[in-house]
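The task is simple: from the sequences and hints, build the whole structure.
Protein sequences appear in the order of chains H and A.
For the first sequence, this note's numbering assigns the number 1 to the initial residue and increments by one for each residue that follows.
For the second sequence, this note's numbering assigns the number 112 to the initial residue and increments by one for each residue that follows.
FYI, nobody ran anything at the bench for these hints, they're computed from the structure.
You can take every hint at face value.
Covered by chain A, according to a simulated footprint, are these stretches of chain H (three or more residues, beta-carbon under 8 Å):
no.	segment
1	20 to 34
2	40 to 48
3	97 to 104
Just so it is clear, CB atoms sit at the ideal spot from N, CA and C, and this is done for glycine as well.
Listed below are the residues making up each chain.
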Amino acid sequence: KQEVTQIPAALSVPEGENLVLNCSFTDSAIYNLQWFRQDPGKGLTSLLLIQSSQREQTSGRLNASLDKSSGRSTLYIAASQPGDSATYLCAVMRDTDKLIFGTGTRLQVFP
Amino acid sequence: DVKVTQSSRYLVKRTGEKVFLECVQDMDHENMFWYRQDPGLGLRLIYFSYDVKMKEKGDIPEGYSVSREKKERFSLILESASTNQTSMYLCASSSYMNTEAFFGQGTRLTVV
Numbered sequence: 001k002q003e004v005t006q007i008p009a010a011l012s013v014p015e016g017e018n019l020v021l022n023c024s025f026t027d028s029a030i031y032n033l034q035w036f037r038q039d040p041g042k043g044l045t046s047l048l049l050i051q052s053s054q055r056e057q058t059s060g061r062l063n064a065s066l067d068k069s070s071g072r073s074t075l076y077i078a079a080s081q082p083g084d085s086a087t088y089l090c091a092v093m094r095d096t097d098k099l100i101f102g103t104g105t106r107l108q109v110f111p
Numbered sequence: 112d113v114k115v116t117q118s119s120r121y122l123v124k125r126t127g128e129k130v131f132l133e134c135v136q137d138m139d140h141e142n143m144f145w146y147r148q149d150p151g152l153g154l155r156l157i158y159f160s161y162d163v164k165m166k167e168k169g170d171i172p173e174g175y176s177v178s179r180e181k182k183e184r185f186s187l188i189l190e191s192a193s194t195n196q197t198s199m200y201l202c203a204s205s206s207y208m209n210t211e212a213f214f215g216q217g218t219r220l221t222v223v
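Pasting the structure below:
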């Protein structure tokens with residue numbers, strides 16, 4: 001059974017820091033991996049999608065990498081800002097398009 | 112932009128009521144999903160649909176049913192609401208080709 005773990009569970013950093021969020025999964029037979037952002041009481045916003053054949057994806061200050069063989073993905077946030085404060089979720093897609101989610105990393109960036 | 116719209120942000124219902132949660136997407140996506148999100152348990156899949164009138168059970172289908180009569184609309188039905196169904200409900204859609212999932216804004220359901 002696929003399990004997805006995110007470390008750390010919570011992170012508090014000063015504005016301007018570069019930071020790395022980690023996601024690990026137990027079964028390397030994934031179709032893709034997706035990173036989301038969730039603000040309190042809101043839905044999920046898609047940040048990056050990495051197909052299983054890809055190693056990384058970039059969008060602005062965000063870079064996500066994927067290492068299927070080791071069952072890991074990282075989300076790198078450059079020059080963090082208070083507006084980046086949110087919960088970040090990773091999810092892996094198995095066959096039939098269903099996503100399995102990690103429990104998230106709650107990020108706070110203070111001025 | 113892809114838009115997934117859930118009919119209500121907040122709902123309060125009484126125990127035993129039949130509850131309908133509606134979700135509409137505007138990108139002609141084949142796949143649609145219903146998740147619930149609870150503190151400490153994360154997101155769990157209730158049901159999903161990969162085509163009109165097609166549905167499959169997710170990990171926690173008990174107490175729920177779904178309906179997909181049109182491609183753009185996916186409804187979640189609580190046949191007889193119970194207090195343990197108090198939760199945040201999230202709808203999502205994706206396409207066969209791209210597989211990137213897009214979520215609605217969520218419905219916070221409270222059953223009293």
